[in-house]
Structure formats: structure tokens, C-alpha cells
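Colleague: Next come the chains, spelled out residue by residue.
Protein chains: 2
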Amino acid sequence: MAPTRPEAVSTASTESLHQLPSGAQTPAAEVPSRAGSPLGFHIPSLPGSRAASPTATPGSSRPPSPLLRAMTNLSMSQNKQRKEGGQDGSDDETDKEGDDGEKERRPSLGESLSRKGSLKAPLPRRGSSPALAPFLAKYDEFTGSPSGKLEKICVIGSGSWGTALARLAAQNAAEKDGFDEEVRFWVRQREIPGKGLLTDIINETHENARYLPEMKLPENLVAVPSLTECVKGATLIVFCVPHQFLPPVIKELSQPGVLEKGARAISAIKGIDVDVKTAEIYTYPSIIEKKLRLPCSALGGANIALEVANEEFCETTIGCPGPEDCALWEAVFSTAMFRVHAVEDVAGVSLSGALKNVVALAAGFVDGLKMGGNTKAAIIRIGLLEMSAFTLEFFPSASAHTFSHHSAGVADLITTSFGGRNRKCAEAFVTSGKTFDELEKELLNGQKLQGVATAEEIYAFLKARERLDGYPLFTKVYQICKREISPEAIFEGI
Amino acid sequence: MAPTRPEAVSTASTESLHQLPSGAQTPAAEVPSRAGSPLGFHIPSLPGSRAASPTATPGSSRPPSPLLRAMTNLSMSQNKQRKEGGQDGSDDETDKEGDDGEKERRPSLGESLSRKGSLKAPLPRRGSSPALAPFLAKYDEFTGSPSGKLEKICVIGSGSWGTALARLAAQNAAEKDGFDEEVRFWVRQREIPGKGLLTDIINETHENARYLPEMKLPENLVAVPSLTECVKGATLIVFCVPHQFLPPVIKELSQPGVLEKGARAISAIKGIDVDVKTAEIYTYPSIIEKKLRLPCSALGGANIALEVANEEFCETTIGCPGPEDCALWEAVFSTAMFRVHAVEDVAGVSLSGALKNVVALAAGFVDGLKMGGNTKAAIIRIGLLEMSAFTLEFFPSASAHTFSHHSAGVADLITTSFGGRNRKCAEAFVTSGKTFDELEKELLNGQKLQGVATAEEIYAFLKARERLDGYPLFTKVYQICKREISPEAIFEGI
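One line per chain: the protein sequences are A and B, in this order. Here my numbering is used: position 54 in the first sequence is 1246, and no number is missing along the way. Here my numbering is used: position 210 in the second sequence is 1402, and no number is missing along the way.
Please keep in mind that the hints were generated in silico from the structure rather than gathered at the bench. Hints are not guaranteed to be accurate.
No copy labels: a pair is met if it fits in one copy or bridges any two.
Straight-line distance between alpha carbons at most 30 Å, and here's what the computed DSS-like set of lysine-lysine pairs gives [as the list claims (entries may be wrong)]:
#1 Lys-1616 x Lys-1674
#2 Lys-1408 x Lys-1562
#3 Lys-1562 x Lys-1616
#4 Lys-1387 x Lys-1453
#5 Lys-1341 x Lys-1616
#6 Lys-1674 x Lys-1626
#7 Lys-1453 x Lys-1633
#8 Lys-1674 x Lys-1387
#9 Lys-1469 x Lys-1424
#10 Lys-1674 x Lys-1341
#11 Lys-1330 x Lys-1640
#12 Lys-1443 x Lys-1453
#13 Lys-1640 x Lys-1616
So that you can see chain A by itself, here it is in the shape it has in the complex:
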């Protein structure tokens, strides 16, 4: 289950994440090809199944493409989870089959992801606006493992977002074929006075009382105190730790024999890593990929953790290095109320999640200045453009559509600029006159605001590249944070 991996990087420093091999600026384009299908399952391609023209695609009355039919299957099997084991109506009962003969043929996406043991025929897809179709990555079916080997999911992180993602993954692992039912998440052990060990409490009460209180967790989601034990045998690893905790995690995982061969990763870590000396910038997926030799996707979107856990309708974007990852990670996280859209743009999704916090600070400054809706919308629009331009300039493999069309871009920015804590603290920064250090202590219980850290990283990087003049809003946010200029100066030159 955990073979030695002599090729794994075992010398990862906890201090120098950015010491990557040269040429690492375009992580999405650098994923090693996996032509030999090391994942233990073969994913057939669907050539020509993705319509190219926006006007031709949306909801025409033509027969659906193979891809759309595959999407239909997936979506309906998810909707089915909400119902109490009843029979759904079906457009095409001729496809209905039992479990018999499944091993002899390649199961369809709908079959492999349907409620375990109750395969159903395709139904009309519910839940993807046709207008989005032209901007989704072309992806192929997740067919499960022909060898019978199941995908095993591990979530590294137990904060509110890590727990919410682990909850979704555990729900899907229990419901869909192709997955080992047990999902593990890594919880730092501690003694809760008078109550016992934290992992024991979580595993007995099925609640993460600290970060996601009053939210029942699935019983197949297991808290594990040892990181090495947690990832043992895992083929799908979700990274959701605060970025400052990533170096020790990478150090432990890069020891020989810890990671399952052929495992894949996804990062929900917000932020970027800048090496000022070399004037290089790195995303966390690119760091995970290089340090651990895992193909790494990125997850981002308008995803306030508690709302996701409460199963309020929302969307997320998964940026993947290739079509197999798109199909697989969509299967891991997608539910009827948590809509996953996959794009082949790791850098775009990752950068958007980092940069949006800088723009949210700007939106907070506007709120603090008591400006109105026109002004805030203008700042958000300009910020979105700078996010996109920055990413395209320094990560040329990224797609502008990730910012303009997807949840990870425009939607996440809207949510963060109206409801996030970066916005909130930035407003208080203007109205109270306090420093961000003070506000973090007062309002965030000492937690650091990601937007301020990212603004500093971006400023240092742009300065090192002599490109500050290309990003006046980013530059001004940094200068305002440092009280080098007044908040009102944000409107000059943008």
C-alpha cells in the first residue's frame, strides 16, 4: 500500500518552499504526463464531445453530446442522494442494469458515480447553466477502477474549510462507486480537559466542535492524529492547511514510503509564495507538485465554509492539470448543492484565491470611507482585471475565463468583497485608525489576515520585477496597509 518511493523529494526544508527547480513558473503546463495510467484506472477520451461555439451550445434542442450525457448521469446520481432511496424517474430505462456484469465492461460515469448498488439510467442533467458550457474544461469520464481498486481520500486540515470539504468527500465516498468508503482527515491531537483526546471526541460525537460546531459529520469520516497514518494508502490527498503549516507537512510527507504511489493532490490553500531574491512567484499547487511529485489541482470558489456545510446552494471551481483530474475531483466533491465546475487551469484558480483577498481589502477601504455602491463595484471590477492581468502575465498558461466566468474568479471576489473578514478588517482599519496587527488581535483572535500578507508578497514581487506601475490597485492596497498613503488615495491612478 505504501511502497518506497526513491524518487520522492525527501529533503524539503520547512523554511524554503520556493527553492524549486528552475522553470517552475508555469505549473499547470508542467504536470508530468501520466501516459502509463499509473492511477490504476483507464480514462477514455471523448474526442469532439465539447462544443466550441457559445451560440451553438446553450440548451439547443439537439441530442446531447456524449459529454453532456455523462454530465447528466453524474448530476442526477448526485440529486438522488437527497432522496430517501426511492426510485427516480428515468428518461431511458433501457440502460438500467444491476451490478451483474459490471466488471466485464467499462461502467459509465453515471453508473460508477451513482448510489452504491443502485445504478440508474441517464436522466436529463439538472444544474449547469448552458451559458457556462463553453467555458468548462473538456474532461473525460471517471470510470472507477477496472482493477477493482478503490480511490481512498485523505484531507489534510481540520479547520472549518478542511472539515467542510472532508464532509463533502465523505458523503460522496459513501454514496458513489469507485471510492473507499472511509475518508480520513488529519486533526492535530490535543487533550481537551475533562473530555479526553480531540480525535476521540470527534470520532465519537461526529462533530468538529472547534471549527464547524453543530454540524454533524458523516460516520465514515475519521479523524486521525498522525499525518503519516492519515495519508497511508490515500490516492487522493486534499491539502487544506493554513499556508504557514505547509512546510512541515511537506517535510513529513516527502519521507520515503509515506505517500501511495500514483496519488493525486488538490490544494485549497489560499496564498502565494514569493522569493524576492530570485524575483519568482509560486503557487501552492506548484510547490506540492514539485516537492512531493504529486499532480496537484486547485480548488477555489465563492465558498464560505459554514454555508457549504449547511448545504446552501453554491459553486466551486477546480483547476486541474488534466482531464482525468477534472473528472476525479469533480466526483470527490460535487453534490446537488455544491456544484463543481472543472477547468484545466491550476494557476488561475490558485492565484484567484490568493489575489481576491487583496481586492477585498480595497473593498473594505471603500466601505470604511463610506463610499457607495458605484465606488465599491468599480473597485471590485478594477481588482478583478488586475487579478486576471497579473495571472496571465506571470502564469501564461492560465485562462482569463477562470476570472471572468468561474466561481473561483468573479463569484469568489464578490462574496469576499461583501462578506469576508479581509473586507471587515479593512473597513475597521479606516474607521478606527488602528493597525492591521491590532485589528487581527481584536477581531480575529490573533489570526493573520491573508489579504495583508498576500498584498505584501505581491508588492515585493512586483517591485523586484519592476512592474508596480502595471498594478496600481495592488500597489495602493499595500501602501495603504503600511499607512504610506491615505485610504482616499486609492482612487488616484487606478
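Let chain A serve as the given structure and place chain B on it in line with the hints.
Modeller: What follows is chain B alone, placed relative to chain A:
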């Protein structure tokens, strides 16, 4: 000043605005070319002045392009208005000239738009994010009239937005060269008991107490009760009446001799016009253009009238049929705090202004359902995509960038979805269970919600075209408005 115009359409019905000549679906592409420069001034082109690559353009340290220099001049001359006639610093004093010799050569954009009688040299542009540059229309310099004839502005409409636009135009007409200082706006005459005639009151107090109270209007802005008198000699006509008042306005203006030859128009009217029988859809600029033979631009953006009048920082987008219109209308409206960006996309700007109100209803339904920020951002994102897809499908000359990058698109949608009255009434529609007719009486003093009317028009049009399935959000908004489905059903199939 007002020659007879035998070619003008004089039979405009007040009822059938959509009875246009066939083939009018793509208004932006159908503007008659004005090769003979009927406007009385020549506008030189600036070939190759627009950078094409997003990564090459933003704020590099290269010398600015001729276009950017032109933009610099414009912006600085506007900033100058805020100062009390003092001398600005200048990067290039060698260009400094007095009034002498102006008629002998073509004045630069900066010169022609600078404070009257105090021409200055180019200064670094302040106020346009470099990230936007690749998405702005290529436009040419507004050089004023070589013949000495001044542009004369008339605003048709005296509601809050019409008055705010008239105020901006009057400020610029007073400050910039090339314009007749007097700007007229059309105010329907009425007797205010004990106070006299409304136009007299406005012209004496310089306030529009009814629609823009406590806002001082420039003294060169003159209220005129007669529409024919108001447009007399006007070369630039701003349409800003509620759309239901447009037919009689067009009827009056289409009489021979009313309009100045070579005049141009711009529409700030929100909404669309659908002819269900022929399954055709028309924008108001296309109607104005066809009925009155005026080249017609469109103005839209995140522009809450009172905030604009209060000179809070905001942006707008002007969609124009050609580069001359871009330069001219930008000169009419642009100030330091009201940033105008021009694009050659009349249909996109016009459609965006109409369709955003439909999406704002959806956002209001989400608020009424007490859903959170994730859900609202998802609805806004999906709505933006449908707005863009709809426009591109039925107005192929439009640009997707108008929606994804410009104030008229994403920014206007954000403002409207968080602060507008469509959102407000839609929230109350869910929480109170009342009809929109009732809510319009209660909350809007009987005024009709544009979103509801537009949703009905769009639904009828899509149904006639058999394209409802391509636009599930638009369709559901209509169905919810009619109480055909519950508000919760909005999440199904989008």
C-alpha cells in the same frame, strides 16, 4: 440651424417602436458610415496606437503609445477642473502653448478638452488601470470643430439620472473647449402651486427639487419645457427618458426640421423592445438610430444617480458605433470622479443595462430566501453568463468583454444586485408573498420595476425563438415573478 430633413422618418407610431426595417438585429454594425465627416470636424485616426497583448500593455516602462498619451492629456485636463485655476506640474513643458495659432493647426485632445483658455502640456495619465487598456475601444482624438462650430448638448429627460447626466455634461461644456457652454435639458412643464412653473423654478434655483434634491446644478444647464425648442441646434442628444415615454419623443423629434443635421445621440434608457409576432428584439439605440437617423451610442455602468451627482468615484461604459463617437461622448461625460471607458459595442452596453435587472430580481429572491453570500454570488455569476450569452447569440456584433470587463457589465450587475430596487422588491416578493403589482404600489410609489418588465419581454422573445432552454435563470425569474414556480426552484437546472 435646423434645416429640413426630408429623409427623416416622420411617421413614427407611438405604439409600434419595433416596426423597424428588416435586418435591424445588429445595430452596432449598422451605423451608416460618416466618411464625409458630416459633423463639421475631422477626426484623425491613430493607426496602431492600441496595444493588443494584455501582457505587453499594462504599465510597462516603455514610452506610452500615442493613444495612451492622448488619454493622458484627457485625464489630466479633467483633473485640472478640480483645482482652482492653478498651474499643474508638467512632464513636457515644450508642448505648452497659448491660444495663439490654435486655428491654424489641429489641437490635441488634451488641448481641446482642457480648461477653456488655459491649455496645458501632456501630463502622466491618472486614472485608468493598465489592466483595462487592452479591452478599451480604439478611439481617436476629439479635436473640436476646425470650422469653429461648437458641439451643443441637449439632454432629454429630467429624472434623477437624466439630471445627473445633464449636470456632468454642463460641467464639461463649461470647462472644455469645443462645446457650446449652454446645455439644455427637457423638463415637462407643470405648475407648482404657489411657486410658479417648474422650469422657471429650476432655472432660478438651479436645483431639481423633485428628482435630485439638494444638488446644485451648474448655471449653464437650462431647463426647457418644449422638446422641439430643447433640441434646437443640438448636435449631441442624450436620451434618458423612461422607455415608455420614448415613442412620443421620437414622434416629435422625427418631424421635419426638428433635428440638427449631423447630430449624434446616446441612449441611457434601460430595457429592450420585443416584437413577439416576428420574434425580433430591439435595443433602444437601434430604435433611435432607425427612427431618427441618428448614430446612437449607449451609456451604462455602475451608476446610482445620487452617488454620481455627489461626485463619488465611479465608472461608466459608453458603447459607440465608431471611434469618433467614443472620443466625443467621453469628452461630454468624463470627469475625474466619473470615469468613462469607451467600447465599440452599442448592443452589449444597451443589453447589459436591461438584462442586469432580471438578474437583480434573482439576487433579490436569494436574499428573500435568507440564503448566504455563496448562493448570491453563484446567482450573480450565472446571471452574468446568461446576459453575455444572450447578447452574443442575438447580437453577434457585441463583445463578451463588455460583460466580463466593463462597468456596464460586471460592475453594474454587482451594484444592482446588492443595492437596486429590483433586488429590494424581489426580496419583499419572497418574504411578503405579495405580487409585484402590489409591491410597486407600496415601495415604488406605483413606478414599474424594469426587471419584471424585461423578464417578461425576454421570456416572450425566447419562447418565440424556442430558446428558453438555453437561459434557465432568465426563464425561472419570469416563472417566479408569475408565481408559476416557487422561489426555491430557482436553483434547479441552473
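Colleague: State for each hint whether it applies.
Modeller: Each hint tested on the structure:
1. Within a single copy, Lys-1616 and Lys-1674 get their C-alpha atoms as close as 17 Å, which meets the 30 Å cut-off; across copies the closest is 38 Å, which misses it.
2. Taking the shortest Cα distances, Lys-1408 and Lys-1562 sit within 30 Å of each other only across copies (22 Å), while inside one copy they are farther apart (40 Å).
3. Within a single copy, Lys-1562 and Lys-1616 get their C-alpha atoms as close as 13 Å, and across copies as close as 21 Å, so both meet the 30 Å cut-off.
4. In this assembly of identical chains, the alpha carbons of Lys-1387 and Lys-1453 never lie at most 30 Å apart, being 38 Å within a copy and 87 Å across copies at closest.
5. Proximity of Lys-1341 to Lys-1616 under the C-alpha cut-off of 30 Å is found in neither arrangement, the shortest distances being 47 Å within a copy and 53 Å between copies.
6. Within a single copy, Lys-1674 and Lys-1626 get their C-alpha atoms as close as 11 Å, which meets the 30 Å cut-off; across copies the closest is 51 Å, which misses it.
7. In this assembly of identical chains, the alpha carbons of Lys-1453 and Lys-1633 never lie at most 30 Å apart, being 43 Å within a copy and 67 Å across copies at closest.
8. For the identical chains of this complex, Lys-1674 and Lys-1387 are neighbours neither inside a copy (44 Å) nor across copies (55 Å), given an alpha-carbon limit of 30 Å.
9. Taking the shortest Cα distances, Lys-1469 and Lys-1424 never come within 30 Å of each other, neither inside one copy (37 Å) nor across copies (66 Å).
10. Taking CA atoms no more than 30 Å apart as the test, Lys-1674 paired with Lys-1341 passes in neither setting, with 54 Å inside one copy and 52 Å between copies.
11. Taking the shortest alpha-carbon separations for Lys-1330 and Lys-1640, neither the intra-copy value of 38 Å nor the inter-copy value of 44 Å comes in at or below 30 Å.
12. In this assembly of identical chains, Lys-1443 and Lys-1453 lie within 30 Å of each other by CA distance solely inside one copy; the values are 17 Å within and 77 Å between copies.
13. For the homomeric pair Lys-1640 and Lys-1616, the shortest alpha-carbon distance inside one copy (13 Å) is at most 30 Å, but the shortest distance between copies (36 Å) is not.
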